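Trainee: Spelled out from the first residue to the last, the chains are:
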Amino acid sequence: MFELQSVSFSVPGRTLLHPLDLKIPHGRMVGLIGHNGSGKSTLIKLLARQQLPASGQISLDDKPLSTWQNREFARHVAYLPQQLPPADNLTVRELVGFGRYPWHGALGRFGDQDRQQVQRALELTHTLDFAERLVDHLSGGERQRVWLAMLLAQNSRYLLLDEPTSALDIAHQVEVLALVKDLSAQLGLGVLVVLHDVNMAARYCDHLIALHQGRLLAQGSPAELMCSETLEDIYGIAMGVLPHPQGGSPISFVY
Amino acid sequence: MILHVINRRPAPLLIMLLIGAIALAASNLATHLPVDLWWQAISAPQDEQLDQLLVHYSWLPRMTMAWLCGATLALTGCVLQQALRNPLAEPATLGIASGAQLALSMATLWAPWLLVNGREWLALAGGGVALLLVFALAWRKAFSPLALILGGILVSLYFGAVNAGLMILHGQELGPLFIWGAGSLVQQDWQQVQFLLPRLLPALGILLLIRPLTLLGLEDSGARALGLSLNRSRLIALLLALWLSGCVVASVGMIGFIGLTAPSLCSMLGARRLRDRLLWSPLLGALLLWLTDLLVQRLEGFDGGFLPTGAATALVGAPLLIWLVQGLRLRGEAPRSSDNSTLPRHSSRTLLLGLALLLAATVLVALAFGAGPHGWTWSQGAMLDELLAWRAPRVLAAIGCGALLALAGCLIQRLTGNPLASPELLGISSGAAMGMLLALILLPAASNGALIGASTLGAVITFAALLALSRRDNFSPTQLLLVGIAVGALFDALLQILLANGDSRAQQMLNWMAGSTYRANEQTSWLLGVTLMLFGGLCLMLHRWLDILPLGEAATRGFGVSLRGSRLALLGLSALMTACATVVIGPLSFIGLLAPHLTRMLGLVRARAQLAGAILLGALVMVAADWLGRNVLYPYQMPAGLLAALIAGPYLMMQLWRR
Amino acid sequence: MPAIALRAALSILLYLLTPVAFAQPVTWNDDFGPVTFEHPPRRVVVLDWGLVEQLLAIGVTPVGVGEPDGYRRWVSIPELPASVADVGARREPNLEAMSQLRPDLILATPEYTSILPLLNAVAPTMLLATFDDHGQPLQRSRHITTLLGRMLGHEAQADALLKRVDKRFAEARAALAGQAREPLYLVTFLDERHLRVNGGQGLYQAVLDQLGLRNAWQGPTSSWGFATITLSALATPADARLVLFEPLPDRAVLDRNPIWKALSAVREQRVDSLPAVWPYGGVSSAERLALLLQQRFAPSAQP
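Protein chains in written order, with the working numbering: chain A, 1 to 255; chain B, 256 to 914; chain C, 915 to 1217.
No lab work stands behind these hints: they were computed from the structure. Please read all numbers here as calculations on a predicted model, not as lab measurements. The beta carbon of each residue, even a glycine, is placed where N, CA and C say it ideally should be. Possibly wrong hints are sitting among the right ones.
Pairwise CB distance ranges (calculated) [claimed, not checked]:
| id | chain 1 | residue 1 | chain 2 | residue 2 | range |
| --- | --- | --- | --- | --- | --- |
| 1 | B | Met796 | A | Met1 | 55 to 61 angstroms |
| 2 | B | Ala366 | C | Val1185 | 28 to 34 angstroms |
| 3 | B | Pro267 | A | Ala167 | 29 to 35 angstroms |
| 4 | A | Ala167 | B | Gly704 | 56 to 62 angstroms |
| 5 | B | Met796 | C | Asp1018 | 25 to 31 angstroms |
| 6 | A | Val11 | B | Pro267 | 25 to 31 angstroms |
| 7 | B | Val887 | C | Asp1164 | 53 to 59 angstroms |
| 8 | B | Leu608 | A | Gly111 | 43 to 49 angstroms |
| 9 | B | Val290 | A | Pro12 | 50 to 56 angstroms |
| 10 | B | Leu608 | C | Gly947 | 25 to 31 angstroms |
| 11 | A | Pro12 | B | Trp376 | 48 to 54 angstroms |
| 12 | B | Ala366 | C | Gln1093 | 41 to 47 angstroms |
In isolation and in its complexed conformation, chain A is listed as follows (with noise of 0.2 angstroms):
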């Protein structure tokens, strides 16, 4: 379980995440929302620690972040930046490899069982066709799902996602979210994603964090926060939401 305490983050001259308690639980797919600017991939960044906080305490299993090893702390949490880095020349599986580097560091063997995890991570993903293939020849979601791949491959227990679906068109958005909810619940893992899109996030996550202007604004199961006047707040503008004419979970619309 991630627990923060009074987390804030600033840069000169601007904060962008204002002190802030939160708790997030392992094993569930938690979505986190908010509009431009509002502080999620501040969030998720402290979380990845990519950043440290400016002010502020945050803990992995009740043991503070900053006194994790680095590799310790890497096969616990796997983190997908935003933008994808181009891979020059690399083949799929090789990229994937290199999820395995947490377990066995910069001089250690890569040995069967990193093999075989990168074996698994291949069938998890469905990639195992284009397994031989250069990752920068791939489209964009078969990258992603690579990049997914590499982060199964370091068999951490969380996952955290800055907007993996952001180049995605709308079946492959789906195809992605629908893989990741499908490993977390078939893993166990603990997911943390950044989501651009309020009805993607309110479909596939189990729980709902939403920031506004770098402070925690509202945070529940989706049909929770799935109203017409919690989203407003988030967004700031009218908005309203219909049943999903299939059941499922209801759909926000702009006015």
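Go by the hints and put chains B and C onto chain A.
Mentor: Below, chains B and C alone, put in the same frame as chain A:
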């Protein structure tokens, strides 16, 4: 009308500088002439009075030239920086200077009649060619700032290499050019002012360009969306800048850094909008150059020495650049090699074996075959034994240096995620060179050991400074490259001053800089061998970091790799390897750039395979270059580093152009 | 035992074949101390043009010289025979080429200290400076001439040369004496705006001293005896005479230059031009300069 919409924040500093300059100028003038004669000397000097003539025809035009050149260079820098969206663009960083210098050297040697009246046009043509080349290299990257700067460095290094080759072969004839190369403002009449002034008139055209230039500051897509014909406005601005800087370079030689520092200082002082910068930077540029020149005049003649103003501005400007790049970030990503979609991926084992065999064959040829007093000969028996004593250390040194530089290049390229980075660009080579130069100056009869020690010291100091300066930015690649440029310029300035003074030690430096295995002996072979084993082994052990680091900071941290720790270790390793190779073979060679690149082209992609391939290829290229250098002009010898650079340069430019 | 016998036999054979007395090691001192030779040196490779000049002047022809074409162009006198081998660049002489000439002596200046071990591996190397911090190039050159003469068996020629030079100096001095001589600027143009003026510890200054002439340049110089200056530096003293050494700049360009025109020497037509004399040479170059100055300023006293 316009004045009240101009930001006046830079004014106080300018006024202070102005007061300082006027005071200095007045005290300077007072040494020439009593105050009551000043006006007469300035307006109508008496023919018989030499001191008055000197003020009128030397002191005054020199001051005018300082104003004109300073203002023009600053304006040029301002326009270039805006048009190319690049805070580092200026005539020197874009290769104009090196092109002009090369054109003049070549004309001096092979077409001296061109120099009589067309010196200016020659310089302009050379500078233009260099600039076009840089633009061509950055064309497909849509003039991305980093691509431009890298193109500029590559072209400057290449032209510099060709020029160094000419100087090694024809130092005696090229002597006078060194003065021009170092940028002298000395005047003897108003001719140069008369030459320059009308040619600067097109600068007024910038007034018409203010609006399109402002929009050019946006990203291309943004500006295009606003209905601006980007390429035409940019082209006009660039042509204008080329013309202006070409004229200045042609008349007074290379004066660096004014075009860089004046606009940057203005922005720092609060001249945020282009309009403000276009007004303030020429003023500041004029003041800066004037002040520098006044100081130079004051210092001159202490030691029978001669201090060219251009070199002095570099001495002042380079540290200033280091200070300015703190916190500066270049927009536009580094050129990547991923566009090379057709890279073959061969079995690395077969390839490496093939390379090793090729290297062995080359070494054999380099040892036994070569030019001699009786033409080309394969040596055998006692003859070979005798020659081996001379050839073996050089071949070994070439292997060692080539391999070390190639390794360092691999490390730096992976560290910076930039396939065009190289040890030379980090400034460590220049640091080592500076150490050696200082040792040559301060210890008149320094032994080989002392020289090696001094250059190692120089490399280490540069490296430490580099680390201290870029620590805040987590050793960001851009910062490192920029500091590298500055250190290189500093060293260059020092060397220019020596060359302009006809110092024979500078000639010795030229040879060493060009990268010769001449001084190699058994000790150097041992030194290089042990270093190669040790550091090469370390690199191979750290291959996983090298695989992961190019994936970016976020991913690297995500894997639990300590960004700072890994970068520090790899930086240290590459710096040490660069220093070791540099003390033997000098700072100028493209091996560190070329070998890793070639290895990739061959399809050795993963870090371990690339490192092994780079060792072999680096050694191979260097041995071949050394052999060529020893034999082509026998008994004259061209340094291996220089030949490697001459061969590799066009190839690298092709690569940069194609991506 | 047989090895020793063989060696003994060989030494005897060598003794019989060697015209130059004993193959005894000999030792000579260069600027840094003793240098030992297995036998008196005969085959000399010279890396510095100034030393080439001094060697040729006593009638010794080296077997190899660095950049001989450059010597013929820039120093030219005494003439270098075409038979002399080229050993490559002066800065980095070709060690292979040198060693194949089988030299038994290499002559160089202290500037070669950093590659001395390499040179010594080819042949015993002597470092001799004509120009050093003491600024006595003529004395140094006399010393070098005498030393080379004794080492290479050309003692008589060396003595003759020094006597001839002394005589030349004395004659020139006498010829130039008795005339009120204005101080001289000895300059070489680098380009239209910059020139080199000779003085200080250089060879030109030494010749002026020998001839009793005054140098107008009293400023500092490098240890080679020159300074890089601009035209305005030639303004004082007002009575100075300008001696320009070739190559001369374009006359038309100079004539347009107001400062040049305003120099008192130019206005009062006290400008002479002389052929180039290698300023980094020894007694022989000095003799040539003395002769040129005498011919120009005291032509009547020509012998």
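Trainee: Hint by hint, work out which the structure violates, then give me just those numbers in ascending order.
Mentor: 1, 3, 5, 7, 8, 10
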